[in-house]
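Peer 1: Protein chains in written order, with the working numbering: chain C, 1 to 228; chain D, 1001 to 1228.
Worth double-checking, as some hints may not be accurate.
Restricting the straight-line Cα-Cα distance to at most 20 Å, the calculated cross-link-like pairs of lysine to aspartate or glutamate (EDC-like) are [to be verified]: (1) D:K1020 <-> D:E1054; (2) C:K53 <-> C:E34; (3) D:K1020 <-> D:E1033; (4) D:K1020 <-> D:D1094; (5) C:K53 <-> D:E1111; (6) C:K20 <-> D:E1111; (7) D:K1020 <-> C:E111; (8) C:K53 <-> C:D5; (9) C:K20 <-> C:E72.
Hints listed in this document are in silico derivations from the structure and should not be mistaken for laboratory results.
2 protein chains.
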Amino acid sequence: MAQQDRAIRTRRSILEAAAKVFGERGYASATVEEILGRAGVTRGALYFHFSSKEEVALGVLAAQMPLDRLPEGSSKLQKLVDHGMVMAYRLQHDPLVQAGVSLALDQGAGELDRNAAFRAWADQLEQILAEARAQGELLPHIDVSDTAEVLTGAFAGVQAMSQARCNRADLGRRVSVLLRHVLPGISTPAMLAALDLSPERGERVFLECEALPETASSAPRSREGTSP
Amino acid sequence: MAQQDRAIRTRRSILEAAAKVFGERGYASATVEEILGRAGVTRGALYFHFSSKEEVALGVLAAQMPLDRLPEGSSKLQKLVDHGMVMAYRLQHDPLVQAGVSLALDQGAGELDRNAAFRAWADQLEQILAEARAQGELLPHIDVSDTAEVLTGAFAGVQAMSQARCNRADLGRRVSVLLRHVLPGISTPAMLAALDLSPERGERVFLECEALPETASSAPRSREGTSP
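I would like the entire structure built from these sequences, with the hints used as guidance.
Peer 2: In C-alpha cells, the structure reads:
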C-alpha cells in the first residue's frame, strides 16, 4: 500500500514537472531530460509510468478532464453551468489543469492528439445537455452536439484571453459572462431565471465536491448519478 | 518605387517565414537565425525591418488584425457577423493570419504582449456594437464591452478547436454556430431574423472586399465608414 502511494506520488510529480516544462517551452521543444531534472526522478521511474514524451503529455491533458463528481441537483442546466464554473476555479488554482488546457491549445504540438481533449470535454457537456433536453429544460430547436462543441471551444478561448490579460484572475467573471451570453439562446425562460450564474459559484461547488465522502468520490460515479 | 516594392516584399517574406517557424516550434524556442534561413534574407535586411524576435512576432500578430474595409450595410450587427465570418475565411487561407492567432494563444510566449492582439480585436467589436446600440439593434441590457470580449475569446477558442479537429476545414460552420448561440441573447428579435449567418458568407464578403477599388482599400477607412 505504501509502495502504491509512492508510485502515485512519483507519477504526480512527473506530471507536475512536465506541466511546468510544457508551459515554459511548448510541447515541441520540451525534452524528457528536462522533465526528469525538474521532477527529480530517475529515467527508469519515468518510463515505468510513461512510454514517451507524448504519453506524459496525454497524462497532463487527462488531468484537466472534468470532475466526475459534481453534486447532482434537479436542474441539468445548472450542472452544465457548474462544470464551467468549477473548471474556471480549478484553472485558477491547479498548475496541472492549467498545463492541460495550454497543451490542448498548443498548435505547435503536431504529433499530439489534442483533439481528444476537446472531444472528451464536448462529450461530457453533450451528455449533460441530453439530460437537460429529457427534462424539458432546453428550447426545442437546440442541437445538443453543436451546443456542446461551441461551449467547449468558447470556454477554451475565454480562458486563454483571461490568461493573457491577467493570469486568469478574472476567469470566474468571464465564464459567467460567457454563460449569460449563451444560455438565453438554449434554455427555456423559466429555467434560465432559476440558474445561479454568479462568478463565485465555481469555488463554492468545488469545495462542496471536495467535501463529498471519500467512498463516493474515489470511484467514478455512474452517468445517471444518484442523489446523496 | 521599385525599391519600396522590394522592401515590402522582403518584410512580407520575413513575416511569412517567421509565421512558419513560430507555428512549428512555438515562440519561445524560435530563433532569429531560423527565420533568416527560412526567409532567405540577410541579417541586415531583417534588422532593417525589425529590431528583435519580439518585434517580428508583433508584426505577425498585426497581420491577423481585422480588415478595415468591410462593406458597410445598414445593419451593424450584420457587420459584426461579417467580421467573424471573414476572419474565419482568412484563417482557412492565409498562413500569416493563422500564425498571428496561434501566437495570441501561445501561453509559452511569456515576454510577448499577446494581450494587445486580443485587445485590438475586442476594441474593434466594441466599436461596432456601440454603433449597433445607437441604431437600436441591441437588447437594452447589453454591456457592449462584455459582449465584445466574450465574442473575441469565444472565437479564438472555436478556431483552435477547429484547427485541432480538422485543420479548420469546418471553421465557417463553427463560427456560424457560435453566432447562432450568442446573437439571440444580444439582438432584438426583428434584427435577428434579418441577419445572414450562413457559413459561406465569409468567402462572399471577403471577395467583395478584395474587389473594392484600390484607392478605397489601400487607405485605412474612417471608423464611421462612407458608403461607396
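Peer 1: If a hint holds in the structure, say so; if it doesn't, say that too.
Peer 2: A quick look at each hint next to the structure:
At roughly 15 Å between alpha-carbon atoms, K1020 of chain D and E1054 of chain D fall within 20 Å of each other, so this suggested pair holds. Distance restraint check for K53 of chain C and E34 of chain C: the Cα-Cα separation of roughly 11 Å lies within the 20 Å cut-off, and the hinted pair is therefore satisfied. At most 20 Å may separate the alpha-carbon atoms for a hinted pair to count; K1020 of chain D and E1033 of chain D meet this at roughly 13 Å. Proposed proximity of K1020 of chain D and D1094 of chain D is supported: the alpha carbons are some 12 Å apart, at most 20 Å.
At roughly 26 Å between alpha-carbon atoms, K53 of chain C and E1111 of chain D are farther apart than 20 Å, so this suggested pair is violated. Restraint check for K20 of chain C and E1111 of chain D: satisfied, since their Cα atoms lie roughly 16 Å apart, inside the 20 Å limit. Distance restraint check for K1020 of chain D and E111 of chain C: the Cα-Cα separation of roughly 16 Å lies within the 20 Å cut-off, and the hinted pair is therefore satisfied. For the hint linking K53 of chain C to D5 of chain C, the alpha-carbon distance of about 23 Å lies beyond 20 Å, and the restraint is violated.
Our distance criterion of 20 Å between C-alpha atoms is broken by K20 of chain C and E72 of chain C, whose separation comes to about 34 Å.
Comparing the model with each earlier hint shows violations of hints 5, 8, 9; every other hint is respected.
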